[in-house]
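Enquirer: Turn these sequences into a full structure, and let the hints guide you.
Protein chains: 2
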Amino acid sequence: MKAYIITIGDEILVGNTLNTNAAFIGEKLFEINIPVIKTSVVGDDNTSILNELKLASSACDLIISTGGLGPTHDDVTRKSIVDFFKTELIESKEVLEDIKNLFEKRKRKVTNVNIDQAKVPNIAEVIRNQLGTAPGLWIEKSKKIYVIMPGVPVEMESMMDSTVIPKLNDKIGSSQTKIKMKTLLTTGIPESTLYERLGNLDDLLNGARLAFLPNQFGVKLRFSVEGDDEKDIHDRLVEVEQRIRSKAGRFIYGVDDDSLEAVVGKLLLERELKISAAESCTGGLVGNMLTNISGSSKYFERGIICYSNAAKVELLKVDEDTLQEHGAVSMEIAMQMAEGVKSTSGADIRLSTTGIMGPTGATTNKPVGLVYIGYCDDKVCTAKKFNFGDDRLLNKQRTAQAALDFVRRQLLGILLDD
Amino acid sequence: MKAYIITIGDEILVGNTLNTNAAFIGEKLFEINIPVIKTSVVGDDNTSILNELKLASSACDLIISTGGLGPTHDDVTRKSIVDFFKTELIESKEVLEDIKNLFEKRKRKVTNVNIDQAKVPNIAEVIRNQLGTAPGLWIEKSKKIYVIMPGVPVEMESMMDSTVIPKLNDKIGSSQTKIKMKTLLTTGIPESTLYERLGNLDDLLNGARLAFLPNQFGVKLRFSVEGDDEKDIHDRLVEVEQRIRSKAGRFIYGVDDDSLEAVVGKLLLERELKISAAESCTGGLVGNMLTNISGSSKYFERGIICYSNAAKVELLKVDEDTLQEHGAVSMEIAMQMAEGVKSTSGADIRLSTTGIMGPTGATTNKPVGLVYIGYCDDKVCTAKKFNFGDDRLLNKQRTAQAALDFVRRQLLGILLDD
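Taken in order, these protein sequences are the chains called A and B. Its first residue numbered 106, the first sequence is counted upward by one per residue in our numbering. Its first residue numbered 106, the second sequence is counted upward by one per residue in our numbering.
Hint data in this document are derived by calculation from the structure and do not stem from the laboratory. Any given hint might turn out to be false.
As the list claims (entries may be wrong) - Straight-line C-alpha distance at most 30 Å; calculated BS3-like pairs for lysine-lysine:
| no. | chain 1 | residue 1 | chain 2 | residue 2 |
| --- | --- | --- | --- | --- |
| 1 | B | Lys-285 | A | Lys-371 |
| 2 | B | Lys-198 | A | Lys-379 |
| 3 | B | Lys-184 | A | Lys-352 |
| 4 | B | Lys-285 | A | Lys-490 |
| 5 | B | Lys-285 | A | Lys-471 |
| 6 | A | Lys-471 | B | Lys-379 |
| 7 | A | Lys-352 | B | Lys-107 |
| 8 | A | Lys-212 | A | Lys-224 |
| 9 | B | Lys-471 | A | Lys-471 |
| 10 | A | Lys-490 | B | Lys-205 |
| 11 | A | Lys-403 | B | Lys-422 |
| 12 | B | Lys-212 | A | Lys-490 |
| 13 | B | Lys-285 | B | Lys-248 |
| 14 | A | Lys-471 | B | Lys-184 |
| 15 | A | Lys-447 | B | Lys-205 |
| 16 | B | Lys-184 | A | Lys-159 |
| 17 | A | Lys-471 | B | Lys-403 |
| 18 | B | Lys-422 | A | Lys-422 |
| 19 | A | Lys-489 | B | Lys-205 |
What the hints assert, rightly or not - A few chain A residues that face chain B, going by a derived Cβ cut-off under 7 Å, partial list only:
| no. | residue |
| --- | --- |
| 20 | Val-119 |
| 21 | Gly-120 |
| 22 | Asn-124 |
| 23 | Ile-137 |
| 24 | Thr-144 |
| 25 | Trp-243 |
| 26 | Asn-393 |
| 27 | Ser-402 |
| 28 | Leu-498 |
| 29 | Arg-513 |
What the hints assert, rightly or not - Chain B residues, not near chain A, derived (Cβ > 10 Å throughout):
| no. | residue |
| --- | --- |
| 30 | Ile-117 |
| 31 | Thr-122 |
| 32 | Asp-149 |
| 33 | Lys-159 |
| 34 | Thr-177 |
| 35 | Glu-202 |
| 36 | Asp-203 |
| 37 | Gly-332 |
| 38 | Ile-409 |
| 39 | Arg-513 |
Where a beta carbon is used, it is the ideal one built from N, C-alpha and C, also for glycine.
Expert: What follows is the structure in structure tokens.
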């Protein structure tokens, strides 16, 4: 069984609304191993919807649409369904009951447009809507399945979970092959270097599939294994993971939905260590990331944002002569800042960031993107130089990510030299 | 001219990644009045991409694709383009230069896979990539335009802004019906209250179109006017804007792509004022937002992240008895924090944030979402209570936004009582 997802709605075409519905459905279908071949977005327009239904049913055996089932003038999907299947509308007592109950619960009066929503195409089985007025439709014709749902995300999601996925599972039974997926999260290594490091992918993957997904925080490695036997695919997934880790383990900070700040937080908690940061170029971003994690007050209780030289001297006791000689963006100052935050915080782990984020501020020797990150704990005090890009916001994000990865690697004893 | 957007990438089909690229492109094309007829997503697979290119070019005259141009094995778009146009790859000196410069700047070694990225289809004009290695491609054939871009959002967005939109504007010239659009950015007022405040929309808009676009930072009001005469639509746009401002002016902090932090920064610069923040619950986010603006060092030079009570007492001289009596999340402590940051910073404007971000930390009297924001300048010292929601990250963003809006309103003398 192959799937085609159609999202209906002008607001998505013009970019006002992100297409989270197609993503949600794609993820749910992936979990039961029904491949999505294509997704499309068309406007609230009868001809476009009809064309798309034709195209989809010629390519796939499962067609899922969302959107255009509401009560207002610009909701035309139900009419398109009637036209497409050359059928007619009949009132569903069940749906009418649901609508009346919903309005009663919300202490609102049922309007005529809502009563009209109880009319469904003759050919369709109703998918009940617990959270809104528009029913979903399940239609089987010529060995193809059509699932038509409203576009309001919570309503559609509830229908998928309570009705559509269970019904699809029944249809495909146990015949379908199973699939398992895992994502390894790397940081501090460019996509091309990571790719070369992994070597021959056929040997590495042995039939598994692998995707490289880069963003500003690093490259995600997503791999998946298919098969009939649950245990077998589990074992193969573990094997592939081990092979990837043996090649690039030091760059992998987490799996699936992990964030670096959560991973670092967990390490600090386990070791009962406290962290503090003296932030110049990141301007508070490191503190912000750390405190995005619930419970972070156990290991992060203060930080200093020292954007100016005066702030570095006054709050962190950075040496004015060193500042004069090497400048604020230097290895020396990064180390002094990290050391200096100890007196203010008493934290076990001290971080610092200093750099030129751009677009202005570059000098002959110090280009935009130049960053020093300092790290001190009670045994070691060190700093590392980085060269990021031209974009101010990306530079801040990359610096904060590199600073947190610095902590992760130090705590795990991973060398920083590549 | 009608547009068709193709997004290429398995990760989008299976719902791992939201299709923000199609939304971004849709929005940009809307602004220059090129309607998007359809968008689609297909996997990283040569046959699927070829089919989609055929379909798109039979339906539209502008075809824009993103994705599949990276350096690894699963990036196949360039091959599909070569197949589709029956052309061949030639090395672009310009692109090779860009790639080498990028790697030099980042102090990384150029790998063979990167050098291979400098090969572009013979038929294509190169769209230079300032932020990554994969060049974009601009191809004109049989009166149709094909724009092929990498899938990394920042790279694609930069290409759209710097090259694609200007070139398209040249192409459509003056023939097209004109559309002008403006967005007013509000904060501190819920969508439904704003809607009621605007009154009868037909009277207000007089033929213009209006969309309410809510997000965590506030509600955007986007309105547009169409017509043939440049001056006429300009005048009508100004009229609508004035009518909206007369109803909801105090909530409007900016227009179009403004950010609140840039608006506040400009006010501070104009008045030669310096700002400092004592952040508890926002954990550095206020400082991070302020320093996202280039040139912010002129008005922001330090900040204190005081997550714990001890940090509040030691760094901000908050009174321990008050802390004991009222708790850290209180009007009194918010004011003491804002006042206390003066001694550390000497700044003219002092902000503070203290609150319960959740999901844990609530008490009987203090629910998750309770926030106090303090504000002091040399004339006034005040604080305001807010009740936000249940989501930790949204609560942090809403608090930082409200804190900056507090400054904006104080500087502009706008009452805070609604």
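Enquirer: List, from low to high, the hint numbers that the structure doesn't satisfy.
Expert: 1, 2, 4, 5, 7, 9, 14, 15, 23, 25, 29, 30, 31, 32, 34 and 38
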